[in-house]
Each structure stands twice: as structure tokens, then as C-alpha cells.
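Just need the whole structure built from these sequences, with the hints factored in.
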Amino acid sequence: MNRPRPEPVQVVKERRDRALELLVKGVPYARFMGIEFDRRGDELTAIMHYDEKLIGNPFLPALHGGAIASFLEMTAIIGLSWQTLWDDIETGRTAAEDLSPETMPRLPKTIDFTVDYLRAGLPRDAYARARVNRSGRRYASVHVEAWQDNRDKLFAQATGHFLMPSRNGNGARVG
Amino acid sequence: MTLKAGEKARIAKQFIEAIPFSKALGMNLDDIGDGFAVISMPWSEDLVGDPQSGVIHGGAVSALMDTCGGAAVMSHPDAPAGTATIDLRIDYMRPATPGQRIIARAECYNVTRSVGFVRASAFDEDEDRPVATAAGAFTVERPKEKEAKA
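Listed in order, the protein sequences are those of chains A and B. Sequential numbering from 0 applies to the first sequence in numbering that gives the first Met the number 0. Sequential numbering from 0 applies to the second sequence in numbering that gives the first Met the number 0.
Hints are supplied without guarantee of correctness; some may be wrong.
In silico lysine-lysine, DSS-like type, Cα no more than 25 Å apart, as pairs [what the hints assert, rightly or not]: (1) A/Lys-24 with A/Lys-12; (2) A/Lys-12 with B/Lys-7; (3) A/Lys-52 with A/Lys-24; (4) A/Lys-52 with B/Lys-12; (5) B/Lys-22 with B/Lys-7; (6) B/Lys-12 with B/Lys-22.
Computed far set for chain A versus chain B, every beta-carbon distance over 10 Å [to be verified]: (7) Val-10; (8) Arg-14; (9) Leu-62; (10) Ser-69.
Partner residues are not named here, just some residues of chain B that face chain A (Cβ under 8 Å, in silico) [what the hints assert, rightly or not]: (11) Pro-19; (12) Asp-65; (13) Ala-80; (14) Ala-83; (15) Thr-84; (16) Glu-124.
Bear in mind the hints are in silico, worked out from the structure with no lab data behind them. All C-beta atoms, glycine included, are put in the ideal place defined by N, C-alpha and C.
Written out as C-alpha cells, the structure is:
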């Protein structure tokens, strides 16, 4: 076997973390909502840090349905975009060091999004993961699961369809 | 309810505009009546989902639709004491124009003992082309009923 020597772990991590940071930091609404992404290999877990402004029912109290919908849609869009970006940087199609806010690929556009509210969102941190069930050249279907204390007790889930950005070179704007 | 229409609307306005998340997004209750509500939200840099275009994130539009849908259920003449979203589906027709206010109108077109059904749509300044439409089901929490269990 004469496979090439694997890259040093730090080089690999830096490349992936930089790409993810550019993707997430570019979205002002993620910052406003207190949403961050934790990466393990290619798997992302979204975290929505609890803040009083996310409350929809002050008497219970419970998270606002709109805050939950925002969290799930953000998880779906970043998860979907990350999948493409991961492939691009890991195959060398895009050099990670060339990525910049200006050259980042366009984000997918939501066509429709359906949220199931399974139980009240408690006033504490929430977590979510997206699963891309199908991703074609133009359309993608994504499922998202969100939980708080127990991974097995979802408090919300969602399914959405997305229009993929056209892929003409480095994030060139077409249409 | 024995409240006059104007008073009911005033209370609803205070109630909705005091919801922390609605307040954080700058929502304003423009109109409310029997089973319908109109709520608007200004464009803001904080709500941008696509930095390259400045278009508001779909999640913020969902939040507006959800709040407006809940308000429509609460304002229904059958007067539920409270409500929570069971499910909400949003269809995005086009990106909202950056810099423009988004206005959502929701109608609670049917209420059963336990469920309120809602349709909603959202527009920016172009009132001929919707930005998004929504359909949802909301819980209907009754003011404490006599101990009867169905």
C-alpha cells in the first residue's frame, strides 16, 4: 500500500473549523438567537443557548414557538449547506484557505418548513441535529430533531424542502 | 366575556406585545378581531439570514406567523383561555425585500373543543405577492371547565 501520509490532525481540524465558522458567523440571525454549532467529524449539533428573550409564554414559562421554528430552520439550512461545503473542502474542490465571507457558497433557500411541537420548550438550552434525507442538484429534503434534557425525548421536530444554490464555480451568483 | 370590543383589543395588544420573543423581534399588533389578527415586524439587521442579500431569515417569518396565528386563536369568539402551537407549516413564495416591514394576517377559521385551525399569509410592501403562507393547528385551552371528563 502506498497511500499518502495522513495530514496532521491540527491541519485537518483547523480547515474544518474555519469553514464551519465562516458558514455560521456569516448569519446575523444565528448570533441574535444565540445559536452555535458543535462539530464532531462531519456531524453537527446545533445549540440554542437559553435567553429570556426566547420566551413565548412567561407564565409557564416556555420557549416561543417561533424561536423553536427559527432554531430548527437554522439547523436545517446550516446542516444542508455544511454537507456540501464539507465535500468541497475535503475533496480539495475548494481550498479552505480561499474561503472568505465574499466567496462562501450561497445558502439553500427554504421552500417549505413544517414544525411539530411535541412538548413545551423549557427555559434552558436546546439542541438539534439535521438529517439530509435527500439532496439533489436542485432540491433537498431535510429532517430536524430537537431536544433538551434527554436525547430520546424530542420537544420538536421538523421537515423542510430547500432549493439548492446553483453551483457555478466559487459561489458565483446566478439567478 | 363581557368586555367591549375595544377593550378586548387593547388587552390583546398589551398581552401580545409583552411576549418576550415577540418584543425582541419588534412585533406590533396592528389589528385584532373575532378570530383574526394582523401583526407586523420591521426589517432588522439582527434578523438577516442571508448575509449576501440581506434577506430576513425564514425562521423570523415563522415566528411572526406563529405569533399571529396564536393571536387569531386567542381572539376567536369561543374565547380560549390560552393556546400553544401543535404544528405549523410555512410555504415561502419569495424572499422578503430587505429593509421593508413584514405584515402577517392570520385567520382562525375553525375551532373545535380542543383545536384551532389557522391560515396565515405574510406580505412586505408589495401587497399583491405574498412572501409566505402558513397553515397550522393550535391547542385550545378552555377556561376551567366543570369536572366533566370527555
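Hints violated by the structure (numbers, ascending): Of the numbered hints given earlier, those the structure breaks are 2, 9, 10, 13, 16, listed in rising order.
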